[in-house]
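Protein chains: 2
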Amino acid sequence: MYKKILVPTDGSEAAEKEVEKVGDLLAEDGEIIILSVASELTPHQFQSKEDIDKLNQSFLDEAQFNVDKMKAKFDPNLNVTTKVLVGFPAETIVKVAEEEDVGLIAISSSGKGRVTKFFIGSVAEKVIHSFKKDVLLVH
Amino acid sequence: MYKKILVPTDGSEAAEKEVEKVGDLLAEDGEIIILSVASELTPHQFQSKEDIDKLNQSFLDEAQFNVDKMKAKFDPNLNVTTKVLVGFPAETIVKVAEEEDVGLIAISSSGKGRVTKFFIGSVAEKVIHSFKKDVLLVH
Numbered sequence: 001m002y003k004k005i006l007v008p009t010d011g012s013e014a015a016e017k018e019v020e021k022v023g024d025l026l027a028e029d030g031e032i033i034i035l036s037v038a039s040e041l042t043p044h045q046f047q048s049k050e051d052i053d054k055l056n057q058s059f060l061d062e063a064q065f066n067v068d069k070m071k072a073k074f075d076p077n078l079n080v081t082t083k084v085l086v087g088f089p090a091e092t093i094v095k096v097a098e099e100e101d102v103g104l105i106a107i108s109s110s111g112k113g114r115v116t117k118f119f120i121g122s123v124a125e126k127v128i129h130s131f132k133k134d135v136l137l138v139h
Numbered sequence: 001m002y003k004k005i006l007v008p009t010d011g012s013e014a015a016e017k018e019v020e021k022v023g024d025l026l027a028e029d030g031e032i033i034i035l036s037v038a039s040e041l042t043p044h045q046f047q048s049k050e051d052i053d054k055l056n057q058s059f060l061d062e063a064q065f066n067v068d069k070m071k072a073k074f075d076p077n078l079n080v081t082t083k084v085l086v087g088f089p090a091e092t093i094v095k096v097a098e099e100e101d102v103g104l105i106a107i108s109s110s111g112k113g114r115v116t117k118f119f120i121g122s123v124a125e126k127v128i129h130s131f132k133k134d135v136l137l138v139h
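Each protein sequence line maps, in turn, to chains A and B. Mapping of the first sequence onto this note's numbering: residues 1 to 139, in sequence order. Mapping of the second sequence onto this note's numbering: residues 1 to 139, in sequence order.
Errors might be hidden in some of the hints.
[To be verified] With a cut-off of at most 30 Å between alpha-carbon atoms, the simulated DSS-like pairs for lysine-lysine come out as follows:
1) Lys4/A to Lys17/B
2) Lys73/B to Lys49/A
3) Lys71/B to Lys4/A
4) Lys73/B to Lys133/A
5) Lys133/A to Lys3/A
6) Lys69/B to Lys83/B
7) Lys126/A to Lys54/B
8) Lys49/B to Lys126/A
9) Lys95/B to Lys3/A
10) Lys4/B to Lys21/A
11) Lys4/B to Lys132/A
In case anyone wonders, no lab produced these hints; they're calculated from the structure. In this text the structure is predicted, and so the values were computed from the model without any measurement.
Okay, chain A solo, but in the shape it has when bound:
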């Protein structure tokens, strides 16, 4: 059993499918942290600052929507918190996992509708190569 479990989500069906099973892995007084990472756009010559700000806000809104949707999948009796951050997904996931000292990252093995050479998504791939504790790849 784990005291802290990090559950990243990109809002995809894959991320949500059966990830709720991680509730079974949580110690009685444990905490589940749901995280969605919004990509940050940098200014581009063909876009106005206003457009960029709007897009960044829409990414943040989407990330918030993702974590709320995921939270609703868990037993309401569990201690579930949510986080929305801006950054690169894999790096941010591992950073949060380390800062929060989670014992397990439970992540979908497939990415957001991507067709990859391998079976697992690139974010999951990076996470398992960077995180020094347990990772549950959920299919």
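Guided by the hints, dock chain B onto chain A, whose structure is given.
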């Protein structure tokens, strides 16, 4: 919770370290299958058939030792069976997982004292790319 969990072991400390935690993930009437894969030597011009047979037998003995050692780590009340097979480790692990229709493979993320470019061992790496269901990488 999982009805069937496959726990491969190469006899390394890494493989045994905390892998026993998977007992918590097992459904009440579930089964843990511990597997060790012995490599098979093929005849070599500088070795007699007798020597090859002896080596193959010693690999099988070691694999049997590995699964017995791992089995002793689990709660005796759990339904734990063991398997020893000859073959390539990653391929054999996935083949058994598919044949036995396990829901989870729980595998150590580090190999047998290997220094790898990445954090996870090559067998675990191959397993996560081939197995189409959940994988717990235990650190």
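Hint-by-hint comparison with the structure:
A threshold of 30 Å between alpha carbons decides the hint, and for Lys4/A with Lys17/B the separation of about 19 Å falls inside it, so the pair holds. Distance restraint check for Lys73/B and Lys49/A: the Cα-Cα separation of roughly 60 Å exceeds the 30 Å cut-off, and the hinted pair is therefore not satisfied. Between Lys71/B and Lys4/A the alpha-carbon distance is near 27 Å, which keeps this suggested pair within the 30 Å criterion. Using a Cα cut-off of 30 Å, the hinted pair Lys73/B and Lys133/A holds, with the two alpha carbons roughly 20 Å apart.
At roughly 13 Å between alpha-carbon atoms, Lys133/A and Lys3/A fall within 30 Å of each other, so this suggested pair holds. This hinted pair checks out: Lys69/B and Lys83/B have alpha carbons roughly 13 Å apart, not beyond 30 Å. Our distance criterion of 30 Å between C-alpha atoms is broken by Lys126/A and Lys54/B, whose separation comes to about 42 Å. Between Lys49/B and Lys126/A the alpha-carbon distance is near 45 Å, which puts this suggested pair outside the 30 Å criterion.
The straight-line distance between the Cα atoms of Lys95/B and Lys3/A is roughly 33 Å, outside the 30 Å bound, and the hint therefore fails. Taken as a hint, the Lys4/B and Lys21/A pair is honoured in the structure, with Cα atoms around 15 Å apart against an allowance of 30 Å. Under the criterion of a C-alpha separation no larger than 30 Å, the hint pairing Lys4/B with Lys132/A is consistent with the structure, at around 26 Å.
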